[in-house]
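Heads up: the protein sequence lines correspond to chains A and B, in order. Here my numbering is used: position 111 in the first sequence is 111, and no number is missing along the way. Here my numbering is used: position 166 in the second sequence is 166, and no number is missing along the way.
Think of the hints as simulated: they come from the structure by calculation, not from any bench. Careful, some of the hints might be misleading.
[Claimed, not checked] Per the computed footprint, the stretches of chain A lying under chain B, defined by three or more beta-carbons under 8 Å from a beta-carbon of chain B, are: (1) 71 to 77; (2) 133 to 143; (3) 184 to 194; (4) 269 to 280; (5) 303 to 311.
Cβ coordinates follow ideal geometry from the N, Cα and C atoms, glycine included.
There are 2 protein chains.
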Amino acid sequence: MEPHIVIIGGGFGGLDAARALAGAPLRVTLLDRHNYHLFQPLLYQVATASLSPGDIASPIRWVLRHQANVQVLLAEARSIDPASRRIAIDPGPADAGRHNEITYDYLIVATGATHAYFGHSEWAARAPGLKTLDDALEIRRRVLLAFEAAERETDAEARKRLLTFAIVGGGPTGVELAGALAEIARQSLKKDFRSIRPESARIILIEGGPRLLASFPASLQEAARASLTRLGVEVKTDSIVVNVDEQGVVYQQTAVGDQRIEAQTVLWAAGVAASPLVKSLGVPLDRAGRVLAEPTLVVPGHPDIFVVGDVCALQQDGKPLPGVAQVAKQQGAHAARNILRSIRGEPLVPFRYRDYGNMATIGRGSAVADFGRIKASGFLAWLIWLFIHIFWLIGFRSRIVVFTEWAWAYVTMQRRVRLITGERLWPGSDERS
Amino acid sequence: MEPHIVIIGGGFGGLDAARALAGAPLRVTLLDRHNYHLFQPLLYQVATASLSPGDIASPIRWVLRHQANVQVLLAEARSIDPASRRIAIDPGPADAGRHNEITYDYLIVATGATHAYFGHSEWAARAPGLKTLDDALEIRRRVLLAFEAAERETDAEARKRLLTFAIVGGGPTGVELAGALAEIARQSLKKDFRSIRPESARIILIEGGPRLLASFPASLQEAARASLTRLGVEVKTDSIVVNVDEQGVVYQQTAVGDQRIEAQTVLWAAGVAASPLVKSLGVPLDRAGRVLAEPTLVVPGHPDIFVVGDVCALQQDGKPLPGVAQVAKQQGAHAARNILRSIRGEPLVPFRYRDYGNMATIGRGSAVADFGRIKASGFLAWLIWLFIHIFWLIGFRSRIVVFTEWAWAYVTMQRRVRLITGERLWPGSDERS
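Construct all of the structure, not just a fragment, from the sequences and the given hints.
Here's what the structure looks like:
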C-alpha cells in the first residue's frame, strides 16, 4: 500500500505541499473546512466592496483536479491523535459521512491563524477581524449599513457615531482597510446620499506601537503614514485599545491617558493566534499558539508530523519568520519534499526562507514595497503591487476578471460590489428581512 | 411644498418609475429592504455558480445618483395606511432611526412577488425558491454541498440520494435551473472528484401541467424539452408534487399515481404570490394576492396609490399580463406618468403592455426565443438571449465583466464561482465551522 499523506488546510501552505507531491507514488488527502482556496492578500478588497468573493477564491478540488494522487475532502479537523495517527473530523451532514476519522502515515498541518483579542474574546462580536471570506462579507455589510443607517438617522450625535470607523491594528491589513475606507467615503459614495455627506466620515487607525507597518523600513513607514493622512485617515500610534463596547472604543495613549471614540463600526486587524487544532498535538507552543518546530518543520517528537505557515514558529538568523503567504508557500513545498526524503530513507533538510520582498497598498495608486536594497513608495510601488498580485492570483480566468475590475474601478473611482447580503437587515435585530 | 412621491421597491418597476420622474418638480423617496437593484433574469446564474452576486446587482442609490429629486432609503415597509397616507417602516438599527413612518402624497407599490408553496409553507425550508440574492447563494450552497457530501459518503444508497436533484416547476426558472445543474454535473465538475462520478447525478424536473414553459408556443416547448433531455435532465410533466420531506419528494402523476424520488436537494420554481404588503391596502386581491387594479394602475378607491409589476393583476385583451420584467418596467414608467398627469389635473391614461418577446435559456449555447411571428431555438436563440441580456444589464461595467465571464465559461465549460459561503458547514447542523 502506498503511504498516505494527509494535509490539513488548503491555504497557501497546504496547496503548495499538495503540488510538491504531484507524480509521487503515494496517496494524498487534503482536508479543508471550506471548499475554496482563498487568496488572502486581496481579502481586504472584498471587505471594501472592490472585488467579489469569486474573484479571489477558487475551489480547491478544481485547482488540484489534474493531480491524480490527491483527493480533496470538505471536512473540519477537530483533533489529531499522534499516537494512533488518527484525525477526528466533523461528522458531516446529518445522515451521511461514515468517514469521521482519517488515518495518516505522514501529516502536514497547515491550518493557519485566527484573530486574537488579547484575551478579550467578548470584543469579537463588536470588532470583526478579516481572515475568512465570511469575515470579509460581514465587514462589507457593516460598513455599507453604517452609511445607510446614517442616511435615515435624524439625530446629529447618532449620525456622527454611525459615520465613525475605527480600525484597530496598523499592520498591512489595518493600513489597507483604512485606506480603502477613506476612498469609499471620499470618492465612491460621493454622489449617492441626500441627507448625509459621506466625505464627513471619520476613519481612525489605532496602532499600539510607535509606527505603522512595523516590519517595513522606516522610510516606507513614513510614506505610508503620509499617504493615509492625505486620504483623510486619522492615525493614532502608541495607542493601545483597552475596551470595545456597544458605542465605540477606548484607547490608552502614552502620556495622554484614556481616549474614547464613539464609533458604530470597529474593525480588528491587531492580533492573530495559531489555529487551535495544534493544541491537540500535545507539544510546546509559543505565546501565539504556534508549534515550536524543528528546522526541518518536523513537530518535536513526531517525525511523521510537519507544521507549515502560521501554525509553525521558526527562527531564522535570530529573527522569527513573518506570518506571510510566501513563508507558508515555501514551507508547504519544503515539508512535502522532506516527506519524500523520509520515505526514501534520506535525511531531512532544514528549511530556509528566501525573502522576495514585502508590500502593502494604501489606496488607489499608492503602495509601499520593500525588496531589500530596492524600496519604492507611491504610484510606482502600487504598479509593482498590482502586477505581482494579478500574476500570482490562482487561475487564468481570475486574472482577466480582476484586471478588468481594477482597471474599471481605477478609471471611475467606483466600487462595484457594494452589496449588503445576509438575512438580517440591521445588526442586533433578529428579524429576517 | 412639492408633492412627495413614495416608491416602495427598487426592482424593475420601482426603478423605472423613479426614472420617469427625473427632472419633475417633486420629491421622490424610494424604499427598498435591500441596498441593490437585482437583475432577476440572471439570478439562476448566481445560483448555479456562473456569475457573482456583484455581476447582477447594483446599489440602487448608485443607479439613481444623478437624479437629484430622488432619495433612496434602506428600509422595509411593514404596512400602508391609505387613510392617513402613512407607511410604517422597520425601526432601523437598535438606537437609531427616528424615521419609522413615512408620509406620501402619491404612492407606487412595486414590491414584487415571493414564493408560494400551495399552502404548504413547511416545504420552504426543504425546497428553497429563487427570488433574492440570498436565495441564490443558499441554492448554490446546497448544490455544491451535495456533491461534497457525496464524495465523503461511503453508503451507496445515501450517495445516490445526495446526487439526486429535484426541481419543482417547469417555467423559465425551473428550465434554466435544470439545464444549468445538468451542465454542472456533466461538464464543470467532471475531473474534480475521486470517489464519485458527478456525471451520474440525476436531475429531475417536475411540472404539474402537460408542458414545460406554458407561456411559449408549442414548437418552442418541444424544443426546450428536447434540449433538456439531451443534457440528461429527466422531465416529468403532468406530475403534481404532493409532499416534500427530509428525504425527497412525492409527486402524483396522472394515471400512474404517487411516485417517490429520494433527493437531498429540492429546488422550488413553482408558485409565486404577491408581496404580502398589499394586504394592508384593504382592497380586493386575486388568488395570487395581487391587487385587482384599474387599467390606469390605480388601486380601486385610492386615486393616490398605484400598483405595478407582480403586485398588480391586470387583464389585456382578455388575458392576464405575465409576471415578467418587461411588464413591471412599462407599468412603473406608466404609473409615474399618470402621477404627473394627476398633479397637472389631467385625466389618467390606461396602461397598455407592448410585448417585445419572451425568452428562456436551457444551457450552454441553447435557448428558446419567441418574438411573435419570429421564433427561434437552439444556438441562434441563445446568441439573441446573450446579447439582449448583456445590453440590458444595468451599468456599463457589469456588461464588460459579465461578458468576459461568459466568454470564458463558454470556452472552458467551467463555473468560476463555486464557493460554499455561509457560517454553517452542513445543512441541519448548528455548528459554526
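Results of checking the hints against the structure:
no.: 1; hint: 71 to 77; result: holds (count 6)
no.: 2; hint: 133 to 143; result: holds (count 3)
no.: 3; hint: 184 to 194; result: holds (count 4)
no.: 4; hint: 269 to 280; result: violated (count 0)
no.: 5; hint: 303 to 311; result: violated (count 0)
In this structure, the earlier hints numbered 4 and 5 are contradicted, and the remaining ones agree with it.
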